[in-house]
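Colleague: Quick mapping for you: the protein sequence lines, in order, are chains A and B.
The numbers in the numbering used here rise by one with no breaks, and the one at position 97 of the first sequence is 219.
The numbers in the numbering used here rise by one with no breaks, and the one at position 184 of the second sequence is 217.
Simulated from the structure, these hints should not be mistaken for lab results.
Treat the hints with care, as some may be off.
Unchecked claim - No more than 16 Å apart at the CA atoms, straight line, and that leaves these computed lysine to aspartate or glutamate pairs for EDC-like:
(1) B:LYS320 to A:GLU354
(2) B:LYS320 to A:GLU474
(3) B:LYS67 to B:ASP54
(4) B:LYS308 to B:ASP251
(5) A:LYS291 to A:ASP365
(6) A:LYS284 to A:ASP323
(7) A:LYS284 to A:GLU264
(8) B:LYS308 to A:GLU264
(9) B:LYS134 to B:GLU181
(10) A:LYS237 to A:GLU212
(11) B:LYS316 to A:ASP365
(12) B:LYS124 to B:ASP47
(13) A:LYS449 to A:GLU474
(14) B:LYS316 to B:ASP251
(15) B:LYS301 to A:ASP413
(16) A:LYS236 to A:GLU212
(17) A:LYS291 to A:ASP323
(18) A:LYS411 to A:ASP365
(19) A:LYS291 to A:ASP251
(20) A:LYS411 to B:ASP54
(21) B:LYS182 to B:ASP167
(22) B:LYS136 to B:ASP167
(23) B:LYS320 to A:GLU212
(24) B:LYS136 to B:ASP104
(25) B:LYS124 to B:ASP142
(26) A:LYS411 to B:ASP270
(27) B:LYS316 to A:GLU474
This one's a predicted model, so the numbers in the text were calculated from it and none came from an experiment.
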Amino acid sequence: MHNKPIVPTATAEQERSLSVPMSGDDVLLEVKDLSMHFVTRKGLRAHVVSNVRALENVTLAIREGEALGLVGETGCGKTTLGRCIVRAYEPTAGQILYRQRDGAVVDVAQLRKKKLKPYQGEVRLVFQDPYSSLNPRMTLLEIIGEPLLMHGMSSRHDREDKVSELLSKVGLRPEFMRRYPHAFSGGQRQRVSIARALALDPRMVIADEAVSALDVSVRAQILNLLEDLQAESQLTYLMITHDLSVVDYLCQRVAVMYLGRVVELADTQQVYNNPQHPYTEALLSAIPKPDPRLRNSRPRITARGEMPDASNAPSGCPFHTRCAYVKEVCQTEVPPLRETARGQWAACHRAEELALTPI
Amino acid sequence: MQPTRTGSSAHMSDVLLQVQDLQTHFFLRDGVVKAVDGVDFTIHRGQTLCVVGESGCGKSATAHSILQLVDEPGRIVGGQMLLHRSAGQAKGEVVDLAALKPKGKEMLDIRGREIAMVFQEPMTSLSPVHTVGDQVKEAIRLHLPLDEKDIHERAIEMLDRVRIPNPSRHMSSYTFQLSGGMRQRVSLAAALSCEPALLIADEPTTALDVTTQAQILDLFAELQEELNMAIMFITHDLGVVAAIADDVVVMYLGTVAERTDVDSLFHKPLHPYTKALLQSVPKPGVKTRLAPIRGGVPSPFERPSGCAFHPRCDSFLPGKCDLIDPALIDVGDGRDVRCLLYGEEASADAQQAHRADGDR
Numbered sequence: 123m124h125n126k127p128i129v130p131t132a133t134a135e136q137e138r139s140l141s142v143p144m145s146g147d148d149v150l151l152e153v154k155d156l157s158m159h160f161v162t163r164k165g166l167r168a169h170v171v172s173n174v175r176a177l178e179n180v181t182l183a184i185r186e187g188e189a190l191g192l193v194g195e196t197g198c199g200k201t202t203l204g205r206c207i208v209r210a211y212e213p214t215a216g217q218i219l220y221r222q223r224d225g226a227v228v229d230v231a232q233l234r235k236k237k238l239k240p241y242q243g244e245v246r247l248v249f250q251d252p253y254s255s256l257n258p259r260m261t262l263l264e265i266i267g268e269p270l271l272m273h274g275m276s277s278r279h280d281r282e283d284k285v286s287e288l289l290s291k292v293g294l295r296p297e298f299m300r301r302y303p304h305a306f307s308g309g310q311r312q313r314v315s316i317a318r319a320l321a322l323d324p325r326m327v328i329a330d331e332a333v334s335a336l337d338v339s340v341r342a343q344i345l346n347l348l349e350d351l352q353a354e355s356q357l358t359y360l361m362i363t364h365d366l367s368v369v370d371y372l373c374q375r376v377a378v379m380y381l382g383r384v385v386e387l388a389d390t391q392q393v394y395n396n397p398q399h400p401y402t403e404a405l406l407s408a409i410p411k412p413d414p415r416l417r418n419s420r421p422r423i424t425a426r427g428e429m430p431d432a433s434n435a436p437s438g439c440p441f442h443t444r445c446a447y448v449k450e451v452c453q454t455e456v457p458p459l460r461e462t463a464r465g466q467w468a469a470c471h472r473a474e475e476l477a478l479t480p481i
Numbered sequence: 034m035q036p037t038r039t040g041s042s043a044h045m046s047d048v049l050l051q052v053q054d055l056q057t058h059f060f061l062r063d064g065v066v067k068a069v070d071g072v073d074f075t076i077h078r079g080q081t082l083c084v085v086g087e088s089g090c091g092k093s094a095t096a097h098s099i100l101q102l103v104d105e106p107g108r109i110v111g112g113q114m115l116l117h118r119s120a121g122q123a124k125g126e127v128v129d130l131a132a133l134k135p136k137g138k139e140m141l142d143i144r145g146r147e148i149a150m151v152f153q154e155p156m157t158s159l160s161p162v163h164t165v166g167d168q169v170k171e172a173i174r175l176h177l178p179l180d181e182k183d184i185h186e187r188a189i190e191m192l193d194r195v196r197i198p199n200p201s202r203h204m205s206s207y208t209f210q211l212s213g214g215m216r217q218r219v220s221l222a223a224a225l226s227c228e229p230a231l232l233i234a235d236e237p238t239t240a241l242d243v244t245t246q247a248q249i250l251d252l253f254a255e256l257q258e259e260l261n262m263a264i265m266f267i268t269h270d271l272g273v274v275a276a277i278a279d280d281v282v283v284m285y286l287g288t289v290a291e292r293t294d295v296d297s298l299f300h301k302p303l304h305p306y307t308k309a310l311l312q313s314v315p316k317p318g319v320k321t322r323l324a325p326i327r328g329g330v331p332s333p334f335e336r337p338s339g340c341a342f343h344p345r346c347d348s349f350l351p352g353k354c355d356l357i358d359p360a361l362i363d364v365g366d367g368r369d370v371r372c373l374l375y376g377e378e379a380s381a382d383a384q385q386a387h388r389a390d391g392d393r
């Protein structure tokens, strides 16, 4: 049994850097109609036994200097999107347009592995679990210095200088660079992961549930650090999280994903005050409110049941099996992502007629 | 606003479990870790007590102590845990759980029957090689004198109670075939199969999505009403506390920092640690910068002198907090707090400092 994504065959023409139009001058990275299918084949004839459609025609743009939140339940494809963007996965179809420092736009999805290096230095990932994402046999100097070495900083002395600068930037003492990860707490380890991500002066950081595994007080420290770093170095963030209060705190815009599709995309305040998609409403309603006096103040709108299997998605609107406002049209036609209110995009047939409950 | 039932308003007859000066220490090669160091609280029948605090403050060690599940090299070295029994012949008896043998007959009788527990990660508490039905049936078989057919029926009824769709079919499912929320429902079904008087839930929703968490919390509330069961809910999520708690115990480094009803916790917090915890949570719609607590929880081998919280405290009084270890004092309304800012011993300048702190 092998589990292998379908690799697109790129022609020589497509590989050259091309001047593709992006949807705005301030856009740093734009994902267009991106799909990622994980096909499992079995047997001598390699017939397809399952096709998990982790991403289905995802389109979204990330503006330079903004923090975009990407939210949704486990299995909605948010991590897959992050990994496709850094080309850890080979997307099945679609484009990943990236504006380079010189202003030229390249389609990262078509670049050859060899040519990816500069891009992968500019777009970095931070992972959720600071215990499994740091190699226990490497010192902090080796962990943070590794990307520097890979990108050509061969002098050990230079690397030490840079690592000590990075450690102080994330609020750790430079003397720590000779120690191993086991000597540090969860919050400190996450600072190390952030320092490693910042080593190559990236333009964009994709934080995949970077604060989810942390205690409340430590989480607040890391959120403040991320906010400071953004202000300092004009960083662009893609915050992948299931915690909507983190998005509310840090992100200017938010994209809500469900079963591999973006179902709502707008400014965070707009989404929270005027949700256009029933799934967003259910997500907002599920956040526990930090005040016991709000208990029972209004009925909770919960999404019925659980998210369907991504290899066997429902027909029509993927959310219709759990939606409280389902109609016949929802069961047959896939709603496109469209502007349903000013500056607010939602994929719902009934967006205009529904008055959904804000947070 | 929902009326909150406070400890003071509940009658003594409602008392289910009294934990008094509980001490659980771990004897390691590098020294003694006082994971639980003098904890007092009371759980009332049919009510929810939330235990909150950062990682490493002794929340889980307290829960494990109640069930006599403390692993070597840990040991309960002091204190009492008085359980007012309700089931079977022992009804009305008061038994000190701390004095029972962990593997004795009486403890085996209580564990799972009168006090049950669900854990954070259902996959580690459920067996991957037994079916869902086997695991629920085992819990029933251990404690209830029923024949195999009745056990089977009761197991199906339990799965139905925790809202598992098509329960008779799921009896033969394996846990790895289920989603995280479904697994947590299975472990809840096994825990509740003997209708315990107390359910201890150790971060049961932390590993779940918000939507699933909301469903599981609703389920807890419904089952609590149906079974009139007390819940001791361990969490670090203050949003969850606000949603379900009647009473709250805030723990710090193995001691109780504050004990209060849930409304006062959020609207009149007393202990500086409680205030600091509340300030480190982002509030919906409020964009003020978070104020995290300075530093981290100290190493258990380097417990600070005096009040354990003083190195991180905003209301630190030099010459007092670093020398005097405050006692847990009763401040009225069924609330207790362990801080030098409160109580009669608090000197005039301490109160002045506190007022200035309040004005800020």
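Colleague: Look at each hint and say if it fits the structure.
Modeller: How the hints compare with the structure:
1. B:LYS320 to A:GLU354: violated (19 Å)
2. B:LYS320 to A:GLU474: violated (29 Å)
3. B:LYS67 to B:ASP54: holds (13 Å)
4. B:LYS308 to B:ASP251: violated (27 Å)
5. A:LYS291 to A:ASP365: violated (26 Å)
6. A:LYS284 to A:ASP323: Given that 16 Å is the threshold and the Cα spacing comes to 11 Å, the pair holds.
7. A:LYS284 to A:GLU264: OK: LYS284 of chain A and GLU264 of chain A at ~12 Å, within 16 Å.
8. B:LYS308 to A:GLU264: violated (39 Å)
9. B:LYS134 to B:GLU181: violated (30 Å)
10. A:LYS237 to A:GLU212: Distance ~14 Å between LYS237 of chain A and GLU212 of chain A Cα, so the pair holds.
11. B:LYS316 to A:ASP365: Since the Cα atoms of LYS316 of chain B and ASP365 of chain A sit roughly 12 Å apart, the hinted pair holds (cutoff 16 Å).
12. B:LYS124 to B:ASP47: Given pair LYS124 of chain B, ASP47 of chain B holds - Cα atoms ~14 Å apart, limit 16 Å.
13. A:LYS449 to A:GLU474: Judged against 16 Å, a Cα distance of about 14 Å means the pair holds.
14. B:LYS316 to B:ASP251: Violated. LYS316 of chain B to ASP251 of chain B sits at ~22 Å, over the 16 Å cutoff.
15. B:LYS301 to A:ASP413: holds (12 Å)
16. A:LYS236 to A:GLU212: holds (14 Å)
17. A:LYS291 to A:ASP323: The given pair, whose Cα atoms are some 12 Å apart, holds under the 16 Å limit.
18. A:LYS411 to A:ASP365: holds (13 Å)
19. A:LYS291 to A:ASP251: violated (21 Å)
20. A:LYS411 to B:ASP54: Given that 16 Å is the threshold and the Cα spacing comes to 33 Å, the pair is violated.
21. B:LYS182 to B:ASP167: Judged against 16 Å, a Cα distance of about 13 Å means the pair holds.
22. B:LYS136 to B:ASP167: Violated, at about 23 Å.
23. B:LYS320 to A:GLU212: Violated - the C-alpha atoms of GLU212 of chain A and LYS320 of chain B are around 38 Å apart, more than 16 Å.
24. B:LYS136 to B:ASP104: holds (12 Å)
25. B:LYS124 to B:ASP142: Given that 16 Å is the threshold and the Cα spacing comes to 13 Å, the pair holds.
26. A:LYS411 to B:ASP270: holds (10 Å)
27. B:LYS316 to A:GLU474: violated (29 Å)
When each numbered hint is compared with the structure, violations occur for hints 1, 2, 4, 5, 8, 9, 14, 19, 20, 22, 23, 27.
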